[in-house]
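Student: Each chain is listed here by its residues.
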Amino acid sequence: MSPIVKLLAQRIALSLLLLLLISAVIFAGTIVLPGDVAQSILGQSATPEALANLRAELGVNDPPVERYFSWLFGAIQGDLGTALTSGQDIAEALSNRFWNTLFLAFWAAVVAVPLAIFLGLLAVRYKDRWPDKLISAVTLASISIPEFLIGYVLMYFIAVKLRWFPSVAMINDSMSLLDKLSAIALPVAVLTLVVLAHMMRMTRAAILNVMQSAYIETAELKGLNAFQVIFRHAFPNAIAPIVNVVMLNLAYLVVGVVVIEVVFVYPGMGQYLVDHVSKRDVPVVQACGLIFAAVYIGLNMIADIVAILSNPRLRHPK
Amino acid sequence: MSDTLLKVRDLKIGATVYPPGEKPRDIEIVHGVSFDLAPGKVLGLIGESGAGKSTIGLASMAYGRGGVKITGGEVWVNGRDILKSKLGDIRRLRGGEVTYVSQSAAASFNPAKKIMDQVVEAAVEQKKFSRKEAEARARALFAKLGLPDPDNIGDRYPHQVSGGQLQRCMTALALCPEPDLVVFDEPTTALDVTTQIDVLMAIKEAIRDTGVAALYITHDLAVVAQVSDDIMVLKMGNTVEYGPVDQIINNPQEEYTQALVSVRSIEHEEKSPTEEPVLSVRNITARYKGTQFDVLHNVNVDLYPGQTLAVVGESGSGKSTLARVITGLLPPREGEIEFAGRVLSPDLKGRTREDLRELQMIYQMADVAMNPRQTVGTIIGRPLEFYFGLRGAEKRKRIIELLDEIELGEKFIDRYPAELSGGQKQRVCIARALAAKPKMIICDEVTSALDPLVADGILQLLLELQKIEDVAYLFITHDLATVRAISDNIAVMYQGKVQRYGGKSQVLSPPFDDYTDLLLNSVPEMRLGWLEEVIANRKMESAGN
Amino acid sequence: MKNIPISALVGLFFTALYFLGAIFAPLLAPYGVGEIVGDVWEPSSADYLLGTDNIGRDLLSRMIYGGRTTIFIASAATVLSFTLGSVLGFFAAVMGGWVDQMLSRFVDLAMSIPTLIFALVVLSVAPVTIPMLIIVMGLLDSTRVYRLARAVAVDIEVMDFVEAARLRGEKTAWIIFREILPNALSPLIAEMGLRFIFAVLFVSTLSFLGLGVQPPEADWGGIVKENKEGIVYGIPAALIPAFAIATLAISVNLVADWVLNRTTSLKGGRG
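Protein chains in written order, with this note's numbering: chain Z, 1 to 318; chain C, 1 to 545; chain P, 1 to 271.
Just so you know, not all the hints are guaranteed correct.
Derived BS3-like pairs: lysine-lysine, alpha-carbon spacing no greater than 25 Å straight-line [said to hold, decoys possible]:
1) C:69 / Z:133
2) P:171 / C:395
3) Z:6 / C:113
4) P:171 / C:439
FYI, nobody ran anything at the bench for these hints, they're computed from the structure.
Only a predicted model underlies this, so the values are computations on that prediction, with no experimental measurement involved.
From just these sequences and the hints, can you work out the full model?
Tutor: Following this line, the structure appears as structure tokens:
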């Protein structure tokens, strides 16, 4: 087996192992911690019989390991159990919301990624001049501002004062794509702002790192123009770090989505998760947690795979 | 064509420096340098670090590295002042008329592209040759430079060939566009001495055969003497001396040049072994944790009290590993270390404080061998406190004595390492080792990061101190000149084995084994015609085979 | 003092202001934290400088008390994450071997779940009290401190001066406290500022989601939540705590930046 295939197989196996461990952590996290699920659903005034019945129904009396495996095998087959509070099938309730969340994250990425890379290149081009300094200042501000603040500021000025876009982002299947896009314009803008600064800054650092290499000097001393230097010599080496930056930020986006969905009352998975955390609906929280973790781990895995694939030392072994 | 290819007049170069905590400011690093270079001739630019030699070399391509800017003067190439040229014209000059070979080919080749693509790029881009012609030229150059499999080596990626081969590929890259001038910037400095000579020979023959002119930049006068027609000696951005190579080497006028020429000519009389060695390394075999092969194979050497054993070898020879085994950082797989009449525990943890005190170490990189947060006084004072329990005034008195011994003096006691020069740092490290009153000091490449004159000072100091303190040195080095200067006994190491071992005069006199012969023959000598002799000898030998 | 850049002075000033406000909250607040003093969402006036909130409590008083809660929780969580993370990180770096492997792999695992998601999972079963918030935030964040502390310590650990100390026969404690720590201090202190900001943002986010500080206690994130309905009617009450969070975070950031620069330049040794 060529070393590159071996490395890729290792990386993918590692991700699966990680996911398995994470599922165990999420499951364990919800049973070893203090607090009684049945009690918190029924409230302090519940009778002992009612509590005992609910516990039996929830299966909390079974040994934890057994429960974990039945939950895990269910999850692998797409059966995420039923919600305690509504009795709904979780997989069914989630499927629509999952696509809504992806829809939102996808458009945020479509706007943010090219913009961030372009601005990152701009910062490199004008290093230590005002565009670069402006980008630094914006970065500092943006890591200091909570996502929901950006959300409400935009909502207050753009939706309430200017009335350009709706302040809540309701979408449903009967809407046309354009209507949907108009509905999610504000949350997309907020998510873009949330990841943009980070992504710009990291892109800038990644490209600067490549541009400072001795082989860039060699290319300049061959009399190539700036365009040729960047595209022939810097770009092939900058792909991996930039993809890495993008993936890390998309992973960050996945988390940002949770808060933004609550701000804009968007019918996505994040809002569903937050709702059910306050209702202490453990099966729903476990299911959502597992899906979010899987997406996060998957994005990180893609970043590593691209890095492996673009490394000439691995592609062309001695 | 005019009779001067490159004419430099009153060249001044500035740079912006960023001292920590202060505002950036502009300084001048080259203060008005002038020289001429005729077609097909080679000018050597020589100087220690900070002399401005690389900066001058790059200025001949109108290029400033980092924050470096050319602030005044003229640079004429083929009759044009390139400092007044437009950017487009400068681009045609770079890679077409003037090309560049850097110190580290490994970093200067783009890791993501094949060697051939990079070698022909400038020639094709500057429309000097078609892609096909350029590739044919490249293959011819690969063959001329003695690269293996010249027809196919261009299809490899940079990481697939060795360092010495890559340095020759870089020379091919520079020669491929048929330039008028090549700037060689320390092209052999990063190589082992036996590899250096191959590259040096290849460069010398390529220059001769193609009739290209060259600026050859190096800190090693012996190297530059082999390839140059003229030499310019630089110091702190000023010309010290400029003349034909014969005059500079055989009849230097300036004191600084004389010092450079006579560097490493320390006279040291070999001492004969006494009865009992202070250190006996017996049958040591060692490997690093988690690896499958031995880095040291059955090593046996002795070091006598008050004497110096030089362990010499190239990178990968196992000489630094030997130091780690002796200090206990790497317990050996087999064998034992006897020190001062007792067998030392193989592991550092099992050694007594007395063992540790009597066996001290000095490192190659003095700046990372000292805690940047401690003053010189703390650094030297700690062993006094730790081993002898000295405190207060008594300790301070002893620190000052040590500072005097290393010729620095009391005023250095409150300084931080960052405020010292490279040589001063190494002196403080010597004082720290001496503070423990050791029987033996391991010196691991202690002069190889230093400029030649500074290194000489350190070696002389070490010899002085050996007489006063009667301390033994285990001197690890790759530099044979250093070995000649200070050793009593020599162990030549190659691939983890002691290849040759004995008294200095014995080891350095024939008959030699093949490796020692190669090693000794590869060290550039400070005389004209040395490289020609070596080339002629090797040609004869290969013809004989 | 003259060497402190203006940005750091501004940062120091506002950071100090917020911390003093938190400490002396009962003296500064004009009204009680839960006291209903006026109408719903009154605009700002001489009586109520920032107006009133969604049930007629004085917003300024709630902001001051809320700041106290937010800053207290964030500080406590930072101290916890910092102590735990840096001690374990240094320990792993100096010990190496299986101790390092175990701790590092465990931290890798914990870090492969987004912090917010992890916190939500835990808070869905654990009782949501202030000590619990501090523990959850402190533990989750200590993974990041661990990574940094270990990385910094490993970098220093391979330096020859540490090897020299080992060869001299120094004990582990000397190596950690005299050789490594003084050189690791600058990145760690700067990191402490960043961790504090993160904790402020995190507790505010949790409270905003209704999963952090529970009423009747006030904190900045909670105040945003209580007043968010007003936004739709053009009432900016919810933006005030958000603004406070942002200014506090930026101020601390400016100070952290300066500390990092100052200490790295000290490393240069001049002074």
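Student: Decide, hint by hint, whether the structure agrees.
Tutor: Hint by hint, here is what the structure shows:
A distance of roughly 23 Å separates the Cα atoms of residue 69 of chain C and residue 133 of chain Z; the hinted pair therefore holds under the 25 Å criterion. With a C-alpha separation of about 21 Å, the suggested pairing of residue 171 of chain P with residue 395 of chain C holds against the 25 Å cut-off. Straight-line distance between C-alpha atoms of residue 6 of chain Z and residue 113 of chain C comes to about 23 Å, which keeps the hinted pair within the 25 Å bound. Under the criterion of a C-alpha separation no larger than 25 Å, the hint pairing residue 171 of chain P with residue 439 of chain C is consistent with the structure, at around 23 Å.
In terms of the numbered hints stated before, the structure departs from none.
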